[in-house]
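Following the hints, complete the assembly by docking chain B onto the known chain A.
2 protein chains.
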Amino acid sequence: MVAMKINEDLQKERSKYNFDVEELTNFLDWGPQYTLRRRNLEQKVLNVKGLLDDIPEEYLSHKEKYENAVRKAVLYYRILQKENHSNISDEEKTRANFRNMISSAVFRDNSPFSLHYSMFIPTIKGQATEEQKAYWLKRANNMEIIGTYAQTELGHGTFIRGLETQATYDPETEEFILYSPTLSSYKWWPGSLAHTSNYCVVMARLFIKGKSHGIHPFMVQLRDEETHMPLPGIKLGEIGAKLGFNNVNNGFLGFENYRIPRDRMLMKNAQVLKDGTLIAATNSKLTYGTMVFVRVLIVNNMANLLAKAVTIAVRYSAVRRQSQPKPNEPEPQILDYITQQHKLFITIATSHAFYINAMWLWEIYFNVNKDLGAGKLENLPELHAIACCLKPISTSDTTVLIERCRLACGGHGYMLSSNLPQMYGLATAACTYEGENTVLLLQAARALVKAWSVRVEGKPLKGTMAYLAGTTAPKKWDSSVDSIVKIFQDVAIRKVSGAVETLKDYQKSGLSLEDAWNKASVCLTAASEAHGRAILLSVYKSEMDKRTASLSSSLKKVLLQLVELYVIYWALEKVSDLLLYTSITEKDITELQRRYIGLMEKIRPNAVGLVDAFDFRDEILNSALGAYDGRAYERLMEEAMKSPLNVEPVNETFHKYLKPFMLGKL
Amino acid sequence: MVAMKINEDLQKERSKYNFDVEELTNFLDWGPQYTLRRRNLEQKVLNVKGLLDDIPEEYLSHKEKYENAVRKAVLYYRILQKENHSNISDEEKTRANFRNMISSAVFRDNSPFSLHYSMFIPTIKGQATEEQKAYWLKRANNMEIIGTYAQTELGHGTFIRGLETQATYDPETEEFILYSPTLSSYKWWPGSLAHTSNYCVVMARLFIKGKSHGIHPFMVQLRDEETHMPLPGIKLGEIGAKLGFNNVNNGFLGFENYRIPRDRMLMKNAQVLKDGTLIAATNSKLTYGTMVFVRVLIVNNMANLLAKAVTIAVRYSAVRRQSQPKPNEPEPQILDYITQQHKLFITIATSHAFYINAMWLWEIYFNVNKDLGAGKLENLPELHAIACCLKPISTSDTTVLIERCRLACGGHGYMLSSNLPQMYGLATAACTYEGENTVLLLQAARALVKAWSVRVEGKPLKGTMAYLAGTTAPKKWDSSVDSIVKIFQDVAIRKVSGAVETLKDYQKSGLSLEDAWNKASVCLTAASEAHGRAILLSVYKSEMDKRTASLSSSLKKVLLQLVELYVIYWALEKVSDLLLYTSITEKDITELQRRYIGLMEKIRPNAVGLVDAFDFRDEILNSALGAYDGRAYERLMEEAMKSPLNVEPVNETFHKYLKPFMLGKL
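Residue numbers (the working numbering), protein chains in the order written: chain A, 1 to 666; chain B, 1 to 666.
In case anyone wonders, no lab produced these hints; they're calculated from the structure. Do not take every clue at face value.
[Unchecked claim] Taking lysine-lysine and the DSBU-like style, the derived pairs with C-alpha atoms no more than 30 Å apart in a straight line are:
1. B:486 - A:138
2. B:665 - B:642
3. B:486 - A:574
4. A:49 - A:63
5. B:659 - A:133
[To be verified] Computed from the model, here is a short list of chain A residues facing chain B with C-beta under 8 Å:
6. 67
7. 157
8. 597
[To be verified] Restraint ranges, calculated between C-beta atoms of paired labels, are given here:
9. B:291 - A:381: 56 to 62 Å
10. B:329 - A:211: 40 to 46 Å
11. A:665 - B:271: 34 to 40 Å
From the three backbone atoms N, C-alpha and C, an ideal C-beta is built for every residue, glycine too.
Only chain A is shown next, with the shape it has when bound in the complex (with noise of 0.2 Å):
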């Protein structure tokens, strides 16, 4: 191997750090068995042949895009298959994959094959009968077929009580028969259902004998499995080019009385008997799991990306030069602007806020679930009250980081070879799936409202809600972080009193609870944000006390620097919550702006040990600006000889157009 060349400011950098990168590596993995698992899988997958591109996706067009990543798909996914039968347990291969972002090295973008891990399995393993799994997962897990999940339309989305798509219930022949009555009955958005999935489960609501029993899934097979060409009474298409996840492959889907037989209906809530007799499911909340299941995975997702995102941007601020504040000094680098570190040392924090929280919501899940296999749900209304608030403002946030980070990087950010401009498309497109955002904390409002008349009438309040007992006074300003992590749980409840009360005195003046709830809304959603903010911040700062008291002195001081960080920055986001309902003053929050102002320049030398111990390979982070040797300017250069258009001296649309033009002659 030849000798990296590495940036002369970077080498400086990396002989300044007063803590051990690799232990700190070890630390976001969860232990070094996981960073060891996690750098192997990443060795074997790099080391196949194909699978990294050398025209970068973004100088295809639409259906190259595609092409090439079904090329690249179908080489990655017999890796990740082999992965998948190892004899890990289910729970063991979550925590392994946690900071797993191999995939990236792959796809800039995304696989078209990514609904069949991510939906179309787990639902077969969550909703279908003992028989069904034992025939349709072995299947599944094969890849003898390819798979996604259809449940948005084109008219529809996050209420799904709304859904037109209609199967029919036909006891003569034992079928349901699947019908789209409208356009705006059309699925659409599911991901590899365009071209690449031959099967699917799609979500239509059931009616038997002109009867409409709800929303249920069924197993509809799309394409012949020899010719993959559309079966009849299919209407298959792709939907276009998006401003992400172009890769992937995202469909729609209508029927033309398209039969199906009786046992594809996945029957493991609900059945329908061949006379057609519904037994219904015993509790419609027990496929609430899967989705709190999903945005723990967000929540971790985003994590991932703020750390990729700040990998990038700090690295790059290391090696850029710019300005001259001092005459006859060299341009400093612009790491050592404090609106520079502004930007950029909240991200890092951020993400250890994300991946922390995640493993902590990813416990509870874990515990809850087990308890839905014993049939408590008890824990899930709350569970699922967290998720609700965690999965918007994890995205919400790491949006407004990722650009942040992106345009601290100038116009060498805007650049698809930094990488930064897709990542920020990822990030954005978590704020709209799963529960666009506005409508979740909508959703966890509800559950502290409920919460709140449960208070009212006297009765305790459990978990991470039992805090909204305390009292509603004005809080003594105290600038600890565990005091400041307090007031923002004081700050919560004051948010959902005061929605409540708007609530309330809607009402009075003659609204219904359902106009009075409209009207009160943006009270509402700042309720919610409020306290997913002091879930956040309490759950860091805790489990960080907790989990670093086994590191070394020094790793412990540099990571409760980022909680101290992370704290500051929130109480100075929200200091007028602070100055209505604490006893904060003007002094204190000068104070308290310039300890954050001196926390900088704490991490300033830790920064660029802070972003490599996220230990993302160059393949993964496959950006121009980021990688680890610094090389960015000569990397910006290769990246664009890349550029087909770099290959002629003069394209010919000169002679076409250009020059006839310039004579006059056009």
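What follows is chain B alone, placed relative to chain A:
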């Protein structure tokens, strides 16, 4: 013409406006004569065959996008050229073009010639001698040559003194030798540079007899006029794919001792005589004028982008129905949700606020420019400070609000056929180009700190800075719109005085001015933002009071509701400042929130009318979601069917990869 079928919900909306849409259109256009002129131009351009795409740009490869754009650009610029020769004054032309968005019907993205008119010609006008102008302007205006402007380098952006490209004068041959000493000195970013332009104004560091004399402009031929081949000594290429502007053909440029005659230096401001004597510019600030002008255009352009985005989002929100708050009632239009109104109505008001501010600023610019011609420079610094605040605020607010509009359209806003992602790409670029936003805010802060020292000296402050002479004592809260606007000035006074104090404290602690400035920089940018907000609000309010005087009372009422909405929205956004610097109480804030909600109810019936009044033709909106007829779902499907992937039911990758993979043979 076939009667257009209009969506029923939109039809209903249009029957309930309580103002005259055409009157508002004329108002926004600055008079009915400009509405007429704009519509005529639109009609003229849209009648040209071949200007609109059959296959949307987003399906093409990067190379095809460029080639398609050149094909259209020659058609489009032929028309523009005629327009530019018509004998109206420059002032009149600018005014007429404020709401001219016709190019976005031709290019969803932008044009590969755009730098020719926006930078190349203005630079010749501003920097060339009369003799040089006579030659170059004629050729450029006739488009016998296509030019661009190259300033930014791979390693150097906003800090102009850092530019490395060298122009060394050789008195022997009376030539300049252009040379790129490093990779980081390569010009990087100029639009049209890669394959389109054959001439370019290059900013380079002048060396005479071994001595550096700062940065000067040079007219450089890049390509042979006959063959378009890059000339010997010129290294040219394109920089690759970006988040947006992929039609624009951004390029890089390096010089290998490339010689140009002495008269190719643009010598209006500084001259190099034959023997190498340099006659320096009398005032280096003379070139500020153009910079300020470009920033005025940016504020106006942001108003246009917001208007387009919110037209799309409001119409779609009138058509889209979702959820069922009341049992047994139909799903409501999502425009009826307060959370949706909260996202959209402020965007309408912001577009108005930016239009009004751009017009106001343009008039100031026009007068200051006249003064400049007469050698009076005294008003330039103040104008420069305003532009340094309004450019960053308008571009970053616009980015946030377009994104909010896009997210308000749910998943469908993520489709490129909505055109919202592309608009976001155009807006966010403006946060970086023409002066990076943070850098500009810090430049404005320099002017504010200077103004503060004038105040301390007891001298008078002028124009938009006069208010800084006001008292720093806490203000009594008063909820009238005029009073809130005034309070924003009080807040700015406090932020400036606070930043100055922070600066001094850091200096007292032993830091140099430069280091203290860096540590205070977060406070300093906050002070600039506060100054900018104070201007934005007070100009919007006072200009609207003035300009609406001659309008019908019904329109006036609607427009002043938007002013009130804007002012209250920002009061609530900046409530921490109100709590710190006024006597506002929690109860006052609650009242303010309810008043804000009440305003939404007043604006709701006029929402569609307000966006109809922006008067964008469907071709200009270029959006499946936002068309006048509201056929959003039909258009989404029609656009999807244009995808080349939808031509064949089975993509060839099935036989090549998928089938062997599913059979376990790959």
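Q: Against the structure, test the hints numbered earlier, and report the numbers of the ones violated in rising order.
A: 1, 2, 10
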